[in-house]
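Enquirer: Letter by letter, the chains look like this.
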Amino acid sequence: MPLGPFIRDAAGADSVTIEDGDLLTGGAIQENRALTVIVHGGAFDGRHDLVLRAEAAATISESRPLDQQFALLNAAQAAGVTVPRPLWHCGDASVAGKPFYLMERISGSALGNRITRAGAQPALAETLARELSRIHAIQPPQAELGFLGTIRSTPAVDAIATYRAYLDEMPEPHPVLEWTLRWLETNAPVMGETVLCHRDFRTGNYMVDEGELTGVLDWEFAGWGDPHEDIAWFCARCWRFAGPRLEAGGIADRQTFYRAYEQASGRSVDPGLVHFWETMAHVRWAVIALQQAMRHRSGDEFSLELALIGRRIAEIEHECLNLTGALS
Amino acid sequence: MRNRPDARELLDAAERTLSGEVAPDLSNRQRYNVALIASALGIAGRELDGGPMAWPEELAALKELYGADGLESDEKALHRLNRKFAADLRAGVYDAPGKERKAAAKLLRGDVLARLAEDSPRYSK
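Residue numbers (our numbering), protein chains in the order written: chain A, 1 to 328; chain B, 1001 to 1125.
Rather than coming from a laboratory, the hints here were simulated on the basis of the structure.
Just so we're clear, the structure is a prediction, and the values are computed from it rather than from any experiment.
Some hints here could point you the wrong way.
As the list claims (entries may be wrong) - So, partial list: chain B residues that the calculated Cβ filter (under 8 Å) puts toward chain A:
#1 1034
#2 1039
#3 1043
#4 1045
#5 1048
#6 1078
#7 1082
#8 1085
#9 1090
#10 1092
#11 1119
#12 1123
#13 1124
Stated by the list, open to error - Cβ-Cβ distance ranges computed for the label pairs, FRET-style:
#14 A:212 <-> B:1113: 52 to 60 Å
#15 B:1076 <-> A:297: 14 to 22 Å
#16 B:1074 <-> A:146: 50 to 58 Å
#17 B:1017 <-> A:322: 35 to 43 Å
#18 A:253 <-> B:1069: 26 to 34 Å
#19 B:1072 <-> A:104: 56 to 64 Å
#20 B:1070 <-> A:93: 51 to 59 Å
#21 A:78 <-> B:1074: 53 to 61 Å
#22 B:1066 <-> A:146: 24 to 32 Å
#23 B:1021 <-> A:18: 54 to 62 Å
#24 B:1076 <-> A:212: 34 to 42 Å
The beta carbon of each residue, even a glycine, is placed where N, CA and C say it ideally should be.
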């Protein structure tokens, strides 16, 4: 069944016309295609600007399959998080060449450099902190999110084991990352609160239109974890783009972001735990970058963009040494 | 003896032509690709300048920690010793404060700073 009839049936419409769209930029891991659909009849009658999200040719190990991403997007929407409205998932590869889901297209730009070049935007940072508190209000158990599994030991100990296993798959040794993982191991916190972590909540992964948040994107890494993991990821040096001095995502100072999060969530932010998870954030980004570069190196997917991600490791490792006190 | 311009000069000329003359005439998407190509040329040029090792003292520092094997090529030794170093770091061999831990940190620092100079010379530390 082609895409048109699939949408017609899913939307309960009489007929559907598709205006083919463009491949959207962004998303080195996933393929996003803009699509305009005209639905005749049924609850969705009218014109819809949509995004079709499909898996790219090669993925990295952390990335969740599309049906799970779709379920996460639904859970986020139900929890009041500002997200592109998820519409329909299709696991049948014969419809569009591979499994996909459709969601509403939201306006604006997610480009980190563009957003951070606008300077300090405390109101946007506060909005994002409130969004994060809504994500973190989702706690286990959740029937629809059963695929998220359970935390084996603690989120920190689990993460260390995961990243070491990923490093063991790499052809070259990475002493700086081993140093940092050992630091994380010896400084690992005890079990804290368990919440739904987005795990890629950062500048570059939310859309902004004229200074206003229009949606939180990229749910493919979400899972159960410690709330400080997301706060640290948002503040990590590697995601500040053109605003390295504005420590909360290149758009505000940390206190602005922490305060808004504390007010909205009723939880207090522990700077020591943020420091721990920020160190973990850089190890994680380094490991993902190694995997991205490997997609190119392995011959699976020719891409200069992926190849160059492999040469971002020095920056990330520099921050690892900085955070573990090895630079001085 | 090779003719001039040498590899470095050719890479510079290619990067300048690409960024200065080709890029302004292109669509956004192609301009992004040109920025990627210019970045790749820049890294490759700096790597050529530096020779086979990002940090020439790296091998000496590793040999100071682990001793030398005179029969091995530098490249092979670098790989083997880094692997040993990485495994020891994971096993906690360098946990205890003291001379060895300081030497390990110094090695990591030298390595990262050398790669940073090649890969991201404009990164503000």
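Enquirer: Restraint: residue 1119 (chain B) near chain A, CB-CB cut 8 Å. Satisfied or not?
Expert: 4 Å, holds
Enquirer: Given a hint of 51 to 59 Å, does the C-beta separation of residue 1070 (chain B) and residue 93 (chain A) actually sit inside it?
Expert: 58 Å, holds
Enquirer: Could you tell me whether the CB distance from residue 212 (chain A) to residue 1113 (chain B) stays inside 52 to 60 Å?
Expert: 41 Å, violated
Enquirer: Would you settle whether the hint for residue 1045 (chain B) is holds or violated, based on the nearest Cβ-Cβ distance to chain A being less than 8 Å?
Expert: 13 Å, violated
Enquirer: Once the shortest beta carbon distance from residue 1048 (chain B) to chain A is found, is it less than 8 Å?
Expert: 14 Å, violated
Enquirer: Can the suggested window of 26 to 34 Å be confirmed for the beta-carbon pair residue 253 (chain A) and residue 1069 (chain B)?
Expert: 52 Å, violated
Enquirer: Taking the CB of residue 1021 (chain B) and the CB of residue 18 (chain A), does the distance hold inside 54 to 62 Å?
Expert: Once the Cβ atoms are compared, 40 Å apart, the range 54 to 62 Å for residue 18 (chain A) and residue 1021 (chain B) is violated.
Enquirer: Hint residue 1043 (chain B) vs chain A: min CB-CB distance below 8 Å?
Expert: 5 Å, holds
Enquirer: Report holds or violated for the interface hint on residue 1082 (chain B), using the least CB-CB distance to chain A and a cut-off of 8 Å.
Expert: Cβ of residue 1082 (chain B) sits 5 Å from chain A, so the hint holds.
Enquirer: Honestly, do residue 1076 (chain B) and residue 212 (chain A) meet the 34 to 42 Å range at C-beta?
Expert: 57 Å, violated
Enquirer: Do the beta carbons of residue 1074 (chain B) and residue 146 (chain A) sit within 50 to 58 Å of each other?
Expert: About 53 Å separates the Cβ atoms of residue 1074 (chain B) and residue 146 (chain A), which means 50 to 58 Å holds.
Enquirer: For the restraint on residue 1039 (chain B), tell me whether the closest CB of chain A is nearer than 8 Å.
Expert: 6 Å, holds
The structure fails hints 1, 4, 5, 6, 14, 18, 22, 23, 24 (numbered hints given earlier, in ascending order).
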